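Line order of the protein sequences matches chains C and A. One point on numbering: in my numbering, the residue at position 186 of the first sequence is 626, and numbering is uninterrupted. One point on numbering: in my numbering, the residue at position 35 of the second sequence is 175, and numbering is uninterrupted.
If you are wondering where the hints come from, they were derived from the structure by calculation, not from laboratory data. Hints may be right or wrong, so weigh each one.
Claimed, not checked - Lysine to aspartate or glutamate pairs mimicking DMTMM-like chemistry, simulated, CA-CA at most 20 angstroms apart:
| id | chain 1 | residue 1 | chain 2 | residue 2 |
| --- | --- | --- | --- | --- |
| 1 | A | K269 | C | E773 |
| 2 | A | K210 | C | E744 |
| 3 | A | K178 | C | E773 |
| 4 | A | K213 | C | D755 |
Since the model is a prediction, treat every value here as computed from it, not as a measurement.
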Amino acid sequence: MSNKTTSSLNESAELFKLLVNSIKDYAIFSIDLDGFILNWNQGAEYIKGYSSNEIIGKHISIFYTAEDVANNIPMLNLEKARTNGTYESVGWRIRKDGSRFWANVVFTALYDDKGHLHGFAKVTRDLTQQKQTEENERMANSAMQEKIELQLQISHKELSDYKYAIDESAIVAITDPKGIIKYVNNNFCKISKYTAEELIGQDHRVINSGYHTKGFIKNLWVTIANGKIWRGELKNRAKDGVYYWVDTTIVPFLNTDGKPYQYIAIRADITERKLAQENLKVLNDTLEKRVDERTAQLEIANKELESFSYSVSHDLRAPLRAIAGYSSIIEEEYSNILDDEGKRLLNEVKHNAQQMGLLIDSLLSFSRLGKKELRKTQVDMNLVLEVVLKEINAGTNHHAEINVSSLLPAYADYTLIQHVFSNLLSNAIKYSSKIEKPLIEISSKQENGEVIYSVADNGAGFEMDYAHKLFGVFQRLHSADEFEGNGVGLAIVSRIINKHGGRIWAVSELGKGATFSFALPPQ
Amino acid sequence: MNSDIIEILLVEDNMNDAEMTIRALKKAHIANSILHLKNGAEALDFIFGKNKYAGRNVDNKPRLILLDLKMPKVDGIEVLEQLKSNDSSKTIPVVVLTSSNEHPDIEVCYKLGVNSYIVKPVGFENFTKAVTELGFYWMLLNKSSE
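Excised from the complex, chain C in its bound form (with noise of 0.2 angstroms):
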């Protein structure tokens, strides 16, 4: 070997030597046949923590767990490497300070020049970093996958639960796009009373009822195949000819390309509610035609107590008249050979006839008021009470003293509202007559949204036991000598003020007077 060469190859060395000391990513040092360390470069101290001054000489297996070394790895390792010329293997290693790092390992064999085994060289680098990275990726990855799997475990068991819950609450079908019925669920072959075999392969006309229209059914079709929901109410016929309605909502599940590849129909059973309509329209029905009915009669009632009111007050006047008429001839012409006792029983004729003819005029009246419209107004009631006061004053001899206070208007039939407070007051006047002072207030007020008008007498009064027979026809609670009347004249008053919606009422003590309200609803 020339000088050259030697330099030159002591300078390789040398500049090797150079660059394997700068490799820090690498601990790369020289070890002695039995495993003691010959060289350190800075890679290794850096890796391990061991300068080199203090670790030439040692054993590598301090690099080693405990239990490798336990095991008799490091020699182990020696050994592969002599036998394989080099060894490479993955393992925990021990820094200086005691702590581990994830090393990999190559053992390479070195051999002088006439090819003697001297030493191993051992290259360590320190992968705790990948590990750790690749540990971390693993470990995120199960984690996925673990959250993925828990995931669709809930999404299963979630999935199933729905299946369960809708199985049990409704009647389930899915068909193909076609109609063909691919799964029924329980309840609807409970329904349909068929079995599942029998529905699957056929379409829905085995369960047809024929009630509805071609067209309700068309649209049916032409809703879904659009990929829209329908919903609606079908009635359907179960296999022994029952029928059932069904609430349905058919649900099209749309391939990517947006059109219907299985349609799912979700039903509920509404037969006991839709007999219960039918019931309801026939209850209806039937009601309606027998208020019809009822209207009908209630009109040919009408008509008949028209006319009859008509004959009475044709028919029963004439020999009213005949009974009167006569009697007063007699009186004309025959006085002067009837004595005292017959011209009194004449004039007891004479007086009935025409206490009849003011009772007949009562009733046509009263049956007239039944068929007579309001006619509503805004009322200035103390121009009413003015009138009647007037026609009062006029008509009947009186002593009674007539208090009005200003009376709130009303919206009432002048005329009939007329009739109500002249019939109040003649009452008040006659019941009031037979005591010293008789005094009659009239007054109104509001109350409740309704104004109360009141006619108020210190007269004779009524017991209240009695009071709800005040205002019915023909009722009385005074006799005829007592006090004359016919029993038509509260009940026609209570007759308008029902007609106007409104009440009527008295209140009263025996012999301490009566007082008469009536309320009117407001405009």
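Starting from the structure of chain C, add chain A where the hints point.
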């Protein structure tokens, strides 16, 4: 009695009413010749000279017709309708005397052209008074078209 010349024609199916009406009119010296017919058909025959009254001089018209409404066969409304729709009879004053104070009759009668509408009072005094007054008005006060 010369049935041709009649001052008042009374058409009334109720004999009592007729008797009292005639008595009242006579007592008040309102009319000398009163013809009482008992139904509407007879009244129309008399006015238009038909059937029983064929050949009667129909130009001799009564000066007043007192007409009851409710009569058998041809009722007062029909009589009124025919009288008032015929040129020869429509100028004769017609007073309806009725027992009924039901409104439809009043309205129908006035639409048909009745000259007065009187509801017969039940009391004899009032009845006499009413008949006397209406006779007095139509026979003595009212200027007829002829």
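Can the restraint linking K210(A) and E744(C) be considered satisfied, given a maximum Cα separation of 20 angstroms? At roughly 18 angstroms apart (the allowed maximum being 20 angstroms), E744(C) and K210(A) satisfy the hint.
Against the 20 angstroms threshold, does the CA-CA distance of K269(A) and E773(C) hold or violate the hint? holds (17 angstroms)
Check the hint pairing K213(A) with D755(C) against an upper bound of 20 angstroms on the C-alpha distance. Within the cut-off at roughly 17 angstroms; holds.
Has the given pair, K178(A) with E773(C), been kept, meaning a C-alpha gap of at most 20 angstroms? violated (27 angstroms)
Checked against the numbered hints above, the structure breaks only hint 3 and satisfies the rest.
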